[in-house]
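Produce the complete structure using the sequences and hints provided.
Position one of the sequence shown corresponds to residue 1 (full-length UniProt numbering), numbered consecutively onward.
There could be a bad hint or two in this list.
[What the hints assert, rightly or not] Pairs of lysine-lysine, BS3-like flavour, derived with a Cα cap of 27 angstroms:
hint, residue 1, residue 2
1, Lys406, Lys380
2, Lys330, Lys188
3, Lys188, Lys160
4, Lys354, Lys525
5, Lys525, Lys501
6, Lys488, Lys330
[Said to hold, decoys possible] Now the in silico label distances, taken between C-beta atoms and shown as ranges:
hint, residue 1, residue 2, range
7, Asn499, Glu552, 22 to 30 angstroms
8, Ala304, Ser512, 22 to 30 angstroms
9, Thr685, Gly202, 51 to 59 angstroms
10, Gly177, Pro456, 40 to 48 angstroms
11, Thr464, Gly202, 27 to 35 angstroms
12, Lys308, Glu442, 33 to 41 angstroms
13, Asn499, Ser631, 32 to 40 angstroms
14, Glu245, His669, 45 to 53 angstroms
15, Asn346, Asn672, 55 to 63 angstroms
16, Glu661, Glu552, 42 to 50 angstroms
17, Ala195, Met145, 24 to 32 angstroms
18, Thr503, Asp553, 19 to 27 angstroms
Source of the hints: derived by calculation from the structure; they are not laboratory data. All C-beta atoms in this analysis are idealised placements derived from N, C-alpha and C, irrespective of residue type, glycine included.
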Amino acid sequence: MANLHLFSRHKHSSLILLLSIAAQLRACGHTGEVERLGRRREGRRAPPPPPHKRERERSGLPAREPSPSPSPREATQLTPTPPSRSAPPRRAMASGADAAAAGVAALGISGGEWAAACPPLRRNLQLLAPDEVELAKMLLNEGQMHLFEHWPEPGVDDDKKRGFFDQVRRLNSSYPGGLVSYIQNAKKLLADSKAGKNPYDGFTPSVPSGEVLNFGDDNYVSLEAAGVKEARNAVFVLVAGGLGERLGYKGIKVALPRETTTGKCFLQHYIESILSLQEASCKMVDGCHIKIPFVIMTSDDTNALTIKLLESNSYFGMEPSQVKILKQEKVACLADNDARLALDPNDKYKIQTKPHGHGDVHSLLYSSGLLEQWKSEGRKWVLFFQDTNGLLFNAIPSALGVSATKGYNVNSLAVPRKAKEAIGGITKLTHVDGRTMVINVEYNQLDPLLRATGHPDGDANCETGYSPYPGNINQLILELGPYIEELKKTHGAISEFVNPKYTDSTKTAFKSSTRLECMMQDYPKTLPPSAKVGFTVMDTWLAYAPVKNNPEDAAKVPKGNPYHSATSGEMAIYRANSLILRKAGAQIVDPVVDTFNGQEVEVWPRITWSPRWGLTFKDVKEKVRGNSSISQRSALVINGRNIFLEGLSLDGTLIVNAVDEAEVIVTGHVHNKGWTIQHVDYKDTSEKEEIRIRGFKFEKVEQLEVNYNEPGKHSLSA
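Okay, here's the thing in structure tokens:
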């Protein structure tokens, strides 16, 4: 292809040669070819901006070119059109047209023999730009001839054919190593799957080292303080590529209310928590004005809606320049064990695609240029979290403190896990060749792995009543320096897996197309044994309440197992806040048990507060004074930094709003009819989706709401 690049670089000499070729074609009577050449040169489409540039323009990313990828459309592929089979042969072509073809071939852009095995493609080469010719060669070399077998003659669906290569270009540039690597990885993984190969063959599991924290003790408080101090050197990355369809909610998951007492959505809570950490951390250092960066990974499904949610709410108080959006692309689907790419059943000019998984966040960060920018700014930590765990930020300060004090390159947040519970276990694996790694092993793989390596009871509870392998909750804290060095080697590629659904036991055909997938938490699989990988375990009630299941699926969960629904997620927030206040010295009445959407849950007082009021346990303890008490039917909303509970007796609903410059002491007895809980059936379409999926709503009968908008000291004595 050397002559092809010469054509792009030396336009004037190439134009002279093309005019000469055109003259020879005209002399031979082939005016059609000359006119077609002229039309192609005049009507050639301008290339669209590459995907990475479009995303940078939208997201304000640094102007950094990604790793080399196929070039945009530069020139027209010129191939003399063969005469029609029905037309009589033209003797004059023996000299003039052959010479013209030879001239075109001299440019390196003739059809050549490489496409001979695929006549439909060869006939259409004249439509393709040079980079598209290279992509076509690559596809044929990788056994993808079937993608072109249905292509009609030139002149039919030409725009769709070019659109096909636009998609191929995107798929090629968005995957580390391009489509060649994707197809070759797929062939290997599909062969392993068909053969039933165990990815853990040769590995022996053992319990890794990590930290188990006890909420509220001196060590916990000390680690929280260390974590808050480190927060100014941190970056937060939210993986938010999914819609809420699995929950029975049509919107993006981060727009779902975290709880319905205030109605604040998950994204608002996350941003307010980061801003509170930012302010508290900077207060610990004189002259600190650092802004904590916040990255959101979106997908085609969520990108526009996420941006709209941010912009329509003024970024929930965060400066727009702090927020970066990285959109992940989907990957090609695989039709069979030979890794033949699947065509879209509704469009034969499109390759079917599906999500690759949240592991893409690592390659997106690598190609964005953000990591090096953060390093130059003195950042030290990258915290990854997923979209609908409403309790996550309870765990962040102490877990970050563990990373800082223990020097962990990788710190996985975890919760106590019952043996055989349907949550992955963090495990140290040692291979017979000496390799070691600390990774998440899925629960359905951990038990057989233990049984096969000298543990006859498999995954069993130890003397603590829990499995020694803590439960992974997919929240990671990575040390930035070692993270960058690792991504320089891998370009962000994460260990993948494939999960085809076969039609029968022969494993020769799929029920439907499959694709390669990767998970964010599998990053440690490529780390050297010298990497310091650990975990931090916290109580489930404090740190983990994901919202993943719709009401029907949640109702089928065996009794005693977590529902992981919108119902249980909201009730878990009230439980956590009640237990935190109880630990701080307040008297909180025990919950009652009720059933919503077929799920039996504990109903605690509906207590919520803004992150700037209770960022750490120390903050809460300092603001709960005297002998305060809250009844089970009560609701308490605290929205302000300096609000103190001193001997408050609450039986009803109390909402306290205060500006940060106001100091408010809440005392005395507050009694009113409060808010009652009404049951809602998830099939009741008269209610909003976000209410139906919870199975309850509040009837706001009576409340006391007070607002303090002026600085100074104030007292609420009811």
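C-beta pair Thr503, Asp553: status relative to the range 19 to 27 angstroms that was hinted: 26 angstroms, holds
Glu661 paired with Glu552, Cβ distance criterion 42 to 50 angstroms: 49 angstroms, holds
Check whether the Cα positions of Lys354 and Lys525 lie no farther apart than 27 angstroms. 24 angstroms, holds
Outcome for the supplied range 24 to 32 angstroms, where the beta carbon pair is Ala195 and Met145: 26 angstroms, holds
Does the Cβ-Cβ separation between Thr685 and Gly202 fall within 51 to 59 angstroms? 54 angstroms, holds
Given the hint that Lys188 pairs with Lys160, does the C-alpha gap stay at or below 27 angstroms? Distance of about 32 angstroms is beyond 27 angstroms: violated.
State, for the Cβ atoms of Glu245 and His669, whether the hinted interval 45 to 53 angstroms holds or is violated. 47 angstroms, holds
Could one say that the CB atoms of Thr464 and Gly202 fall in the range 27 to 35 angstroms? This hint holds: roughly 30 angstroms between Cβ atoms.
CB-CB spacing for Ser631 and Asn499 relative to the 32 to 40 angstroms hint: 49 angstroms, violated
Pair hint Lys525 and Lys501, alpha-carbon separation not exceeding 27 angstroms: Status holds; Cα separation ~25 angstroms.
Can you confirm whether the C-alpha distance between Lys406 and Lys380 stays at or below 27 angstroms? Satisfied, since the Cα-Cα distance of roughly 14 angstroms is no more than 27 angstroms.
33 to 41 angstroms as the expected CB spacing between Glu442 and Lys308, which holds or is violated: 35 angstroms, holds
Comparing the model with each numbered hint stated earlier shows that hints 3 and 13 do not hold.
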